[in-house]
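So the sequence lines, in the order shown, correspond to chains W and C. For any residue, its number in our numbering is found by taking its place in the first sequence, counting from 1, and adding 48. For any residue, its number in our numbering is found by taking its place in the second sequence, counting from 1, and adding 48.
No lab work stands behind these hints, which were simulated from the structure alone. Please note: incorrect hints may appear among the correct ones.
[To be verified] Below 30 Å or equal to it, Euclidean Cα-Cα: the simulated DSSO-like pairs (lysine-lysine) are:
(1) C:Lys66 - W:Lys290
(2) W:Lys116 - C:Lys311
(3) W:Lys160 - C:Lys66
(4) W:Lys65 - C:Lys293
(5) C:Lys342 - W:Lys65
[Said to hold, decoys possible] If you only want the chain C side, here are some residues facing chain W, beta carbon under 10 Å, derived:
(6) Arg82
(7) Pro129
(8) Tyr315
[Unchecked claim] Just so you have them, the derived chain C footprint on chain W, three or more residues with Cβ under 8 Å:
(9) 116-130
(10) 182-191
(11) 243-256
C-beta: ideal position from N, C-alpha, C; glycine also.
Number of protein chains: 2
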Amino acid sequence: MKKKDPTVNPILNPESKKHSETDFNHFEVLLANRNSGIALETLRHDVTPIGMHYLLSHFDIPYVQDEKQWSLEIGGLVNNPMTLDMDYLKSLPQITQQVTLECAGNGRALFKPHWPSMPWTYEAVGTAEWKGTRLIDVLKTADVKTEAIQWVFSGADEGVDSGVQHDFSRALSIEMANNPDIMLAWEINGQSLPPQHGFPLRLVVPGWYGMASVKWLNRIEAIDYEFQGYQQVGTYVYRKDKDDKGTPVSVIRVKSLMVPPGKPDWYTRKRLLEAGETILQGRAWSGFGTPITKVEIGINDDWFEAEVFPANEKYAWSRWQFNWQAEAGYHQLKCRATDANGDTQPLEPPWDNSGFGNNCVQITEVWVEDDLSNV
Amino acid sequence: MKKKDPTVNPILNPESKKHSETDFNHFEVLLANRNSGIALETLRHDVTPIGMHYLLSHFDIPYVQDEKQWSLEIGGLVNNPMTLDMDYLKSLPQITQQVTLECAGNGRALFKPHWPSMPWTYEAVGTAEWKGTRLIDVLKTADVKTEAIQWVFSGADEGVDSGVQHDFSRALSIEMANNPDIMLAWEINGQSLPPQHGFPLRLVVPGWYGMASVKWLNRIEAIDYEFQGYQQVGTYVYRKDKDDKGTPVSVIRVKSLMVPPGKPDWYTRKRLLEAGETILQGRAWSGFGTPITKVEIGINDDWFEAEVFPANEKYAWSRWQFNWQAEAGYHQLKCRATDANGDTQPLEPPWDNSGFGNNCVQITEVWVEDDLSNV
């Protein structure tokens, strides 16, 4: 048997990671292969087609053969601890909502230097139509004790991060969890959740980055202290450097993306376009259902205002459109959204040590030719 | 307007790519984010869940709002040129088949040095249940002329690769296309094709690497010469070096993969496992429905034979299983399949200049601890 010294199991005793100045290592590529982003051209769809929504699974996707085996335990500081099955949950009043979710690490690869983790560029976003029941109705029945301050939501997925073994768990304050738009969901886009989206039951916290929407949800526990789980305090914290105490990642920052115009080069994904009128279009969204009030289009050094269409629903993205007269040559296209709070996207990535919350404007490089049939 | 010299549009006049010795560049990561691989733990499923099957789209995914707008033209050297709509195709006799498809570039990232392109490691595979009609029945109606030697299948997806503008097109010999198992498919896993799988119509060529299964299929043309399209002769060719005339990539090579045992480290995906009996399991498959006759499991330097279960259907993968007594320490696990032709997987990547056809054995690194509740 080939043995490395078992007293230094590198999973439980990992070396510290360091920022990378340039390229991406084998582990980052493994993560990019396993997780998946939206193809930017599918931003044309109001609701992201099944299988195109971004996916980030920290640990293994649990294998659940039959939802009849599943139960959701509600315990801790409650007067009425409960174990609920899927039949019961599906008998409750149902709601359906279109929700835009984005990974908090979206844009990590655009930081220079970048933190070695899932190297998203722009594509960790999607809008799905979720069906389920209101979380608050279920929690009310459990009757939380007055001394409780947080609910902890745990999934069946387990693993190790930075040497810490844990199940994926995230907390919300009792007050936050009273929001009637937070769902226990069992359907996406009219079908049962696929395994990778949390079958058979998940939390959907609209308006927050995706880490709050715990998949494979099997436990909810009321506690009277601030939850110290790894996914709450070890990561998903904005930090300027590794010693910064930081601020928890929560609500999605205002952002927009463009459907790349023209046609792509396979390898670089840069764009080739024929001169003439071109409809530029895309999506814009912000945190917690804050409406998008403005989208500006940057054509090289000039900015123009796009038409913004109202979102289908409170937590869904808005569509925007701009007619561009494309002239031959090289162009840098940008889009920049502003929301009803007056928040707008920065032109440069807002520094974060671990690469969270990067809502800087997308840049699309386009080469325009007068006649593409001639080249 | 910011202009690079428009006479050197780098999409139409690209620089030559070079092999990379070590890390992966920004373009490779963009491709990995946009395309998606199976999560290896979902190899447990006979049929890969919707949204988990590997996806490789060369160009943009076409936006098709309504299949009523779609038509399939059959022309070239035929006596009866036809334009078929989806209603007509769906009125033909239907077949349903489970087919394991793999990307020809799967394993590219494991070559040292590696070719800069989509940096798959192990995960570009999946088994879907396709529904459609037999290609041959449709082609017979078109009545190919005797001088024709190939059918060219074209998709609606278009772009540029290595400076060459083209629609994605692939050819099959007239004889090959007579295989009654080749399908025109409009459903995957009991539902209409999602856009990214080729909505509304695609070719499925069982047993061949995925590039043959043209998505968004809208034209089939009979020709009397060897097709010279970029996707036929510019890529998908096995070459020892760039000057090698090479051999076309076609049938899938024998391969196997393991469901990683234990639980993962988030970043490295290496595995942590508690000592004791562990069921190792996975999948094995080969080209053109050749049955898997043997799967061997490598535990460090020793090889053992796994139990292999018959495939559900001719072109679907087989499941294999092996009971392992895991002892504390570091282990390298491998799996190696052999098919009924006697072909077996190599231990090292079989060199290919562009990283095609890498069917070398997978290596899974596992750290076993006597008691995981103690660490």
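The hints, checked one at a time:
1. Of the pairs offered as hints, the one joining C:Lys66 and W:Lys290 is violated, with about 37 Å between alpha carbons and a cut-off of 30 Å exceeded.
2. With a C-alpha separation of about 24 Å, the suggested pairing of W:Lys116 with C:Lys311 holds against the 30 Å cut-off.
3. Of the supplied pair hints, the one linking W:Lys160 and C:Lys66 holds, its CA atoms being roughly 24 Å apart against a limit of 30 Å.
4. A distance of roughly 44 Å separates the Cα atoms of W:Lys65 and C:Lys293; the hinted pair therefore is violated under the 30 Å criterion.
5. Of the pairs offered as hints, the one joining C:Lys342 and W:Lys65 is violated, with about 41 Å between alpha carbons and a cut-off of 30 Å exceeded.
6. A least Cβ separation of about 5 Å between C:Arg82 and chain W falls short of the 10 Å threshold, and the interface hint therefore holds.
7. Annotation: interface hint on C:Pro129 violated; nearest CB of chain W at approximately 24 Å, more than 10 Å.
8. The closest approach between the C-beta of C:Tyr315 and any C-beta of chain W is roughly 6 Å, which is under the 10 Å cut-off, so the hint is satisfied.
9. Counting residues of the stretch 116-130 of chain W whose beta-carbon sits less than 8 Å from any beta-carbon of chain C gives 0, not enough to reach three: the coverage restraint is violated.
10. Counting residues of the stretch 182-191 of chain W whose CB lies closer than 8 Å to any CB of chain C gives 0, which falls below the minimum of 3, so the coverage claim is violated.
11. Here's how the stretch 243-256 of chain W fares: 3 of its residues keep a CB closer than 8 Å to some CB of chain C, so the rule of at least three is met and the hint holds.
In this structure, the earlier hints numbered 1, 4, 5, 7, 9 and 10 are contradicted, and the remaining ones agree with it.
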